[in-house]
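Participant: Listed in order, the protein sequences are those of chains E and W.
With our numbering applied, the first sequence corresponds to residues 923 to 1273, in that order.
With our numbering applied, the second sequence corresponds to residues 923 to 1273, in that order.
Think of the hints as simulated: they come from the structure by calculation, not from any bench.
Glycine is no exception: its CB is placed at the ideal position from the N, C-alpha and C atoms.
Hints may contain errors.
Taking lysine to any residue and the SDA-like style, the derived pairs with C-alpha atoms no more than 20 angstroms apart in a straight line are [as the list claims (entries may be wrong)]:
id, chain 1, residue 1, chain 2, residue 2
1, E, K1051, W, I958
2, E, K1096, E, A1215
3, W, K1056, W, P941
4, E, K1073, E, L945
5, E, K1073, W, E1088
6, W, K972, E, E1055
7, W, K986, W, I1092
8, W, K1056, E, T1176
9, E, K1051, W, Q932
10, W, K1056, E, G1247
11, W, K1051, E, K1051
12, W, K1073, E, F1000
13, W, K1244, W, A1172
14, W, K1048, E, K986
15, E, K986, W, E1088
16, E, K972, E, E1168
17, E, K1051, W, N968
18, W, K1244, W, D1180
19, E, K986, E, E1055
20, E, K1096, E, F1000
21, E, K1048, W, E967
22, E, K972, E, A1172
23, E, K1073, W, E1036
24, E, K960, W, A1172
25, E, K1096, E, T1176
26, E, K1071, W, P941
Have a look at the derived ranges for each label pair, beta carbon to beta carbon [to be verified]:
id, chain 1, residue 1, chain 2, residue 2, range
27, E, D1200, W, D1262, 58 to 68 angstroms
28, E, S938, W, E967, 52 to 62 angstroms
29, E, E1195, W, K972, 28 to 38 angstroms
30, E, D1200, W, G1198, 35 to 45 angstroms
31, E, P969, W, G1072, 51 to 61 angstroms
There are 2 protein chains.
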Amino acid sequence: MNKENSFTLQCPLSLSDYPHVLLAHGGGGRLMNQLIEKMILPEFENPFLKTRHDGAILPVAGGKVAFTTDSYVVHPLFFPGGDIGSLAVYGTVNDLAMCGARPLYLSAGFILEEGLPMDTLWRIVKSMKMAAEKAGVQLVTGDTKVVDKGKGDGIFINTAGVGVFEHDLIVGPKQIQLGDAILINGDIGRHGIAIMAEREGLQFESTVESDSAPLAELVLKLISAGIQIHCLRDLTRGGLAAALNELAQAGGLTFEIDERAVHLDGQVRGACEILGLDPFYVANEGRLIAFVAAEDAGRALALMQSHELGRGASIIGKASEKSPGQVTLMSRIGTRRILDMISGEQLPRIC
Amino acid sequence: MNKENSFTLQCPLSLSDYPHVLLAHGGGGRLMNQLIEKMILPEFENPFLKTRHDGAILPVAGGKVAFTTDSYVVHPLFFPGGDIGSLAVYGTVNDLAMCGARPLYLSAGFILEEGLPMDTLWRIVKSMKMAAEKAGVQLVTGDTKVVDKGKGDGIFINTAGVGVFEHDLIVGPKQIQLGDAILINGDIGRHGIAIMAEREGLQFESTVESDSAPLAELVLKLISAGIQIHCLRDLTRGGLAAALNELAQAGGLTFEIDERAVHLDGQVRGACEILGLDPFYVANEGRLIAFVAAEDAGRALALMQSHELGRGASIIGKASEKSPGQVTLMSRIGTRRILDMISGEQLPRIC
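The shape of chain E in the complex, shown without the other chains (with noise of 0.2 angstroms):
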């Protein structure tokens, strides 16, 4: 009882606080950030993680390669614009892309439960070979196991990869200038509005569809252009409010976010509207931000406008101030606010 108490207090978060996970602490708020930040980080602690990036950038065999990983637990497993194959697939993609690599290498991890059709597990297998041919890149190694039924969930897949670089420039969180631009590659929120719909039975006029795609040819592009790239994020879960926090607080600057340039389909606004989400918190899966150096910016989006993915891009704001490691947005009325960090999340098992 002593040994297990004086164990138990070691504990960086408070245990009498939060006794138990929660769903908040996956949800890409600040629940999850505490518990990342205190609990786990601090026992790794190493160059790489300090980075506070996507993956890490590791020195080998006489180069660098990037690393990353996620698992994905999404609910439900099929969805207008993608299920969790071709997520599994591009939202890994996407972090090595967003460390400024070539993604080539694939891992997959399947978690099965016993019971789950076998059907289901083909068209999730197919899925993931037509997404990962998408984003030429090659899955080079797996494992598969399963659980007992009503101790997992169909099916969970961590994806991890692996990436080179064919460039120079060191994109990340530190990385970040004062006066940079704030570039975005389309509207936000049709991932979790997607999913939100396909929960709740929502129907609008067309079908919403996730915007789930891989990110990486948009990026190289930008980059092979010779664009002054600082910093690069896609906007998962939390979605455009939690990347800009999380990159205000690692480059300890404040960025200034107009909202008037922060783009949102018609159906999307209204479905928010419906359900009382602020789309700045909705998760996208094919939308990134990135940091340019100022006389960059204009080259910077007439290029990511000329990609198909990034038809819709926008300026939406630029690093502003020094400090203090926040977001402030200026409102369509001219009214300015700061834009935090969310405590839990809108939307559960997103990705």
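Given the coordinates of chain E, work out where chain W should sit on it, guided by the hints.
Facilitator: Same frame as chain E, but now just chain W:
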């Protein structure tokens, strides 16, 4: 309906024989083999998967790296000799070592079930940290997801690993040669029995502990001594029998094993008898087999026995015939039988 039919008809596994995923599809036996070989690997076929290795050996940055993944769903989370955290580190480290690589970097993907006690997570994180230090690897990137209560089982962990090569030796199933000696680094069955005893509340005179341990140092010691290692395999799900059968098939050779050279702890033997388990099929987490050129066998054995993780090493057999890819066992009483791969598994969720 028609579309659905034409789609499912393409599934290379018979959907009438196996309409659903069974626990046995994760057990390391014939069913798992079939699922992976017929349904998953052909979809992604490439030269890296074709090696049927524990990991992929990838050209990057002018050199090469080893890359592998495993998900861990062991139940219970804590057991004599380890826990899901240390297992998730050592298991992936070992897969890299079986490629002949020095493990350097790990990713960690946590799938937490809502309601998991926070101090359980903390103990597991602490254990991973200690295991990573012991194995000489750094955890460099990660991900945390939370699923609703009843849709997971406390915690599942995926780790992927990256390793580097300090030599030019090619280690893999295709390298096994006729006449190769087969070495093992100790007695078998400890991990499976430790888990089973914990689940079933079995009592022994002294506790049977899992053999879970990082094997890279042992392997690199053999390699740096110039031992001609042709292939390595760790003996996890499906035990010694599954590993031998997979390699016999992949290498297209027949292996002859001498049962008397395969060591068993007395308590493990007793537990197997009580539980009706064949120890050849029981999982290990700190045991490997090495295929070594016959002329190096004696020296390899001595080197193994001088390492703390190889004290109980022995030479258990040889690659005896050019075909047809099976394993024969010479029993203690001098009879010969085929050591087949079992269909499902003896123990679910062993790792």
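Participant: Where does the structure disagree with the numbered hints, that is, which hint numbers, in rising order?
Facilitator: Per hint list: 3, 5, 8, 10, 11, 14, 19, 20, 24, 29, 30, 31 violated.
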